[in-house]
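Residue numbers (full-length UniProt numbering), protein chains in the order written: chain L, 1 to 248; chain S, 1 to 309; chain R, 1 to 548.
What the hints contain is simulated information worked out from the structure, not anything from laboratory work.
Some clues are possibly wrong.
[What the hints assert, rightly or not] Listed below are the simulated DSS-like cross-link pairs for lysine-lysine, each with C-alpha atoms no more than 25 Å apart in a straight line:
#1 Lys241(L) with Lys219(S)
#2 Lys16(L) with Lys270(S)
#3 Lys308(S) with Lys243(L)
#4 Lys125(R) with Lys67(L)
#5 Lys219(S) with Lys16(L)
#6 Lys125(R) with Lys193(L)
#7 Lys270(S) with Lys219(S)
#8 Lys231(L) with Lys120(S)
#9 Lys197(L) with Lys224(R)
#10 Lys145(L) with Lys2(L)
[Claimed, not checked] Computed list of chain R residues with no C-beta within reach of chain L, every gap over 10 Å:
#11 Gly47
#12 Asp62
#13 Ser71
#14 Arg120
#15 Asp161
#16 Met174
#17 Trp376
All C-beta atoms in this analysis are idealised placements derived from N, C-alpha and C, irrespective of residue type, glycine included.
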Amino acid sequence: MKIVVPVKRVLDYNVKPRVKADGSGVDLANVKMSMNPFDEIAVEEAVRLKEQGTASEVVVVSVGPAKASETLRSALAMGADRAIHVVSEDEVEPLAVAKILKGVVVDETPDLVILGKQAIDDDSNQVGQMLAALLGRPQGTFASKVEMDGASVLVTREVDGGLETVRLALPAIVTTDLRLNEPRYASLPNIMKAKSKPLAAKAPADYGVDITPRLKVLQVKEPAQRSAGIKIADVDALIGKLKELGVA
Amino acid sequence: MTVLVWAEHNGVALKDATLNAVTAAAQLGAVHVLVAGFGVDSVAAQAAQIAGVEKVLVADDAAYAHGLAENIAPLVVAVMADHDAFVATATTTGKNIAPRVAALLDVAQLSEILSVEGPKTFTRPIYAGNAIATVESSDAKLVITARGTAFAKAEATGGSAVIETVSGAGESGLSSFIGAELAKSERPELTSAKIIVSGGRALKDADTFAATILPLADKLGAAVGASRAAVDAGYVSNDYQVGQTGKIVAPEVYVAVGISGAIQHLAGMKDSKTIIAINKDEDAPIFQVADFGLVADLYTAVPELTGKL
Amino acid sequence: MTIVRDEMAYDVVIVGGGPAGLSTAIRLKQLNADLSVCVLEKGSEIGAHILSGAVVDPRAMDELLPDWRDSDCPLAQTPVTDNWHWVLTRKGHYAMPHALMPPFMSNEGCYTTSLGNLCRWLGGKAEELGVEIFPGFPASEVLFDDSGALIGVQTGDMGVDREGQPKGDFQPGMRLLARYTVLAEGARGHLTKRVKAQFDLERDCQPQVYGLGIKELWDIDPEKHVPGRVLHTQGWPLSESESWGGGFLYHQAGGQVALGFVTALDYKNPHVSPYEEFQRWKQHPSIRAILEGGKRVSYGARVINEGGWQSVPQLAFPGGVLAGCSAGFVNVPRIKGSHTAMKSGILAAEAISAALAAGRGGDTLADYDAAVRDSWIASELKLVQNAQPLVAKFGGALGTVLAGADMWARVLKVNPFGPMQHHTDAEATGRADLYKPIAYPKADGVISFDRLTNVSYSFTNHEEEQPCHLRLKDASVPVSVNLPIYAGPEARYCPAGVYEFLGEGAEKRLQINAQNCLHCKTCDIKDTTGNIDWATPEGGGGPNYPNM
Ligand SMILES: Cc1cc2nc3c(=O)[nH]c(=O)nc-3n(C[C@H](O)[C@H](O)[C@H](O)COP(=O)(O)OP(=O)(O)OC[C@H]3O[C@@H](n4cnc5c(N)ncnc54)[C@H](O)[C@@H]3O)c2cc1C
Ligand SMILES: Cc1cc2nc3c(=O)[nH]c(=O)nc-3n(C[C@H](O)[C@H](O)[C@H](O)COP(=O)(O)OP(=O)(O)OC[C@H]3O[C@@H](n4cnc5c(N)ncnc54)[C@H](O)[C@@H]3O)c2cc1C
Ligand code: SF4
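Isolated chain L, as found in the complex (with noise of 0.2 Å):
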């Protein structure tokens, strides 16, 4: 069984995102960057499935710039197998990476493509549900388990208020979420071997996909700040606010 992992080099969640003065967007030059932290769950699963001999090959996938070739180092040093890289300087929106993720999995023909929920840049949430629909197949989206059974998967899902067990025909797309598993640190022997394992360079042309933005950024600003309320004198009065809000 092969599984295709999807992975993103986005701004590390240590560092606060500074928005541009001139509103253009939030500035990356010189910051840390990482790899999406719901991609190495879903990096860590798949790995996780070969170790226990469900899954023969990991491949992992980033559409993104040059330096995302980092990002696909980093899963490689987790244990996955090769990396293909789909280059793109532009920023490329979720249905175009969908699309040409698709390219990949009719190229590669998984039985389990594993992505995260969402990036926590743009917080999307969007490319999984795509993929799974233009490849015509099942979606398991927010996985806190992933349980192979024949022909089939098993996926638990984190929805509002609880759990959700479905049953997804091969091949299926999973999402992860955060309680899925934790990622294992990248070991320093593994680095400096996931150094020569196979990356393939390609561009989104090679699978026909016109990556022009549908949606238009005008403008990007620091949320309002909260200002402070009022004081209020004393417990009476703060079981007045309580009932006024409906909680009380």
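Given the structure of chain L, go ahead and fit chains S and R with the ligands onto it with the hints provided.
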């Protein structure tokens, strides 16, 4: 513009989240609501009463009973032939279905919009809300998820929409629903709770924390959170930590008890709808973000509050 | 439990991806492309832990990569155009006439840049040459052979819980063996400290002393931004506590200014808070005027060597060398150490490459020590070697005048004072009851900020589940010694609020918020009894400085 709103329901009753989506949709054009499910007459009847809804479309089929995106998305796409926009609230259901619809329609999706700025222009949060982008779509049709808390709830009654039935392809054969396990713990889960009571270092030790914070949380039906200082001091385990390196929460009401309001704590709760702070230091930074601040010793204020609720 | 560790052998292992380490790596590969060279860096990426001014003297860059000006190097962006030196009084300032400043203080021909970005660029160059760089991997242990020679280093274990027990995701550190190991850890290196002790490298020199530099990066009003303008200040506010140090403010690329404040850690009054001194310095009318209308975008702190030439230790020992600020080549009056760090790296590489070519390894590279003492590093530092001790001895105002006179004298080749002596910074700390507590103003949230808010702009973090990397040799000392005698100075000198005294009376205890740590190394230096040992935390932990 005619807008199709996704009705959130549990099979018997409409969920409030639908009302937020209706408000967002009404800012774009005429509102139609799609109720997809199995045996959902009562839900459709409820939807027809929402103020401002023109038409309710009902798709009643066993294939739609569990909201499986594989079955629902083709239905929505079919209905979208007569609509210009699709709006779902950004719940786990909405987020599951909408992108599948968008891809089938070959349009980009606008996720978790916060406001409608024009017929094709919206604001939406990026970088976990640390930046707000204004984006304009160039697609012929719009597919949108709306952040619930950003739009007021439409009036649940007062409307009288016509109800029509629609049908789609039904069962796709790609997926099946096995079961659900809804959280039934006594206390709501931190990240999805409507109310949270959090305690800080001022709570002294694990016993004091439990004796002070838990009764108040019980009275309010609230989840319990804590600051890092409280976690480090061992009052509660680190699953309770709210903040930059803990959980990010955005409840309707967040009550911070004996928490100073360091920026790293605020990073985890500043998107709460209403913040209430109880702290004895009137200069504590928490008061700079609190909607309601009570300057008091928590050891008198909290028991009094719990007692009077 | 016995841990099986992977092992890998290199010709040269370099600890630290700063200017010194990267220059060593680049020069090694330039001299012999076949050498296997690796660089270990504890930061999550190259540059993540670099905090400097910086006004850089390009002398070493010209020697290392002569065409750097034409290669998209961030250093080339902003030449120094305008150089000011202010003496601050409480309310105003007067500019020091240029004529009174020794010529080498002029910053002519220098550039102002983010040293972190320069390192990112150097890191790229090193990788192009085939250097293996491993960010996120601290060298946590030194490895010796039976003869006592250094044979390499071991990287830190990952996935260890608070009690030191391996967790499910445990990854043992790796042994990296080398024919020569270069310690380029910057000021107060963690392994350097051990090696200095092991080989008694400071036997013939004065103890090293340090200053704590605390820095912010601001986007300022474009109207006030003059790219290439460089300003240094002395006097207020440290003049009030009889401490010494000063401020800097550099107009850099992208409409930003880098500003910071260095407080010499030999301050006596234990009530001094270097952080608060910096915050009130920004409130000085002359500084505030520059910042008003701007926005702080980053924060950080790091110690800088201030011992000068007389504190330079033996540089070579069996199996390894010290380069850059691990040894300590900062020109104190110029507050510059990056050019000398690079130069020492170049010299280390030359000595190592020659030795390797001669089939040597594991021996003491006396040639390197001699080369440094024969280079422009030595002549530059000797010129200014009394500045710090004179100021330390005679205080800010008089000391500065004397230091100026001394430096002038040396330009003119006379040596009025001879080399002077140092005390360690820890020894300098005085008893709390002999000094007045200092009432610092509250932060206004516009120009000055509280410490924890600022820490969030360093983007620091550490995995919570790991042993505390700030190790107390004796856990009782903070409460039994530091608190009663010195009023608990660690609560004030740490620029990240790591140390907090909690509880009342008999319950008093020291809380260590190791997660906040900025890796500045102050506590390792200034703790009154040397009770705090800074060790490397789990890899990738610590600040994530952008453009610092
Ligand atoms: C990298 C990093 C990550 C961090 N991550 C987090 C995080 O995820 N979450 C988090 O919370 N913090 C985090 N912090 C720590 C944060 O900076 C603060 O130290 C912490 O939030 C303080 O917790 P506290 O408010 O409970 O304690 P304190 O700051 O000590 O505040 C206690 C408050 O209680 C009040 N008080 C005391 N007694 C009483 C009384 N009797 N009645 C009423 N009020 C009283 C005091 O006035 C004070 O305001 C992080 C810090 C760093 C550097
Ligand atoms: C506030 C301030 C302002 C300054 N201004 C100027 C200026 O204007 N001009 C100037 O020329 N100089 C300036 N300096 C001095 C200059 O920054 C230093 O001299 C220079 O950075 C020294 O380079 P280095 O390579 O020796 O060490 P560093 O730059 O400190 O680099 C050491 C590197 O090694 C890493 N490291 C340390 N220990 C380990 C370990 N055990 N394992 C793995 N990695 C490790 C560190 O993370 C770091 O990346 C300033 C310094 C400060 C603090
Ligand atoms: S704990 Fe020590 S090294 Fe870390 S920031 Fe504080 S003083 Fe600096």
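Each hint tested on the structure:
no., hint, in the structure
1, Lys241(L) with Lys219(S), "holds, 15 Å"
2, Lys16(L) with Lys270(S), "holds, 15 Å"
3, Lys308(S) with Lys243(L), "holds, 12 Å"
4, Lys125(R) with Lys67(L), "holds, 15 Å"
5, Lys219(S) with Lys16(L), "violated, 36 Å"
6, Lys125(R) with Lys193(L), "holds, 22 Å"
7, Lys270(S) with Lys219(S), "holds, 23 Å"
8, Lys231(L) with Lys120(S), "violated, 41 Å"
9, Lys197(L) with Lys224(R), "violated, 51 Å"
10, Lys145(L) with Lys2(L), "holds, 19 Å"
11, Gly47, "violated, 7 Å"
12, Asp62, "holds, 24 Å"
13, Ser71, "holds, 17 Å"
14, Arg120, "violated, 6 Å"
15, Asp161, "holds, 13 Å"
16, Met174, "violated, 5 Å"
17, Trp376, "holds, 30 Å"
Comparing the model with each earlier hint shows violations of hints 5, 8, 9, 11, 14 and 16; every other hint is respected.
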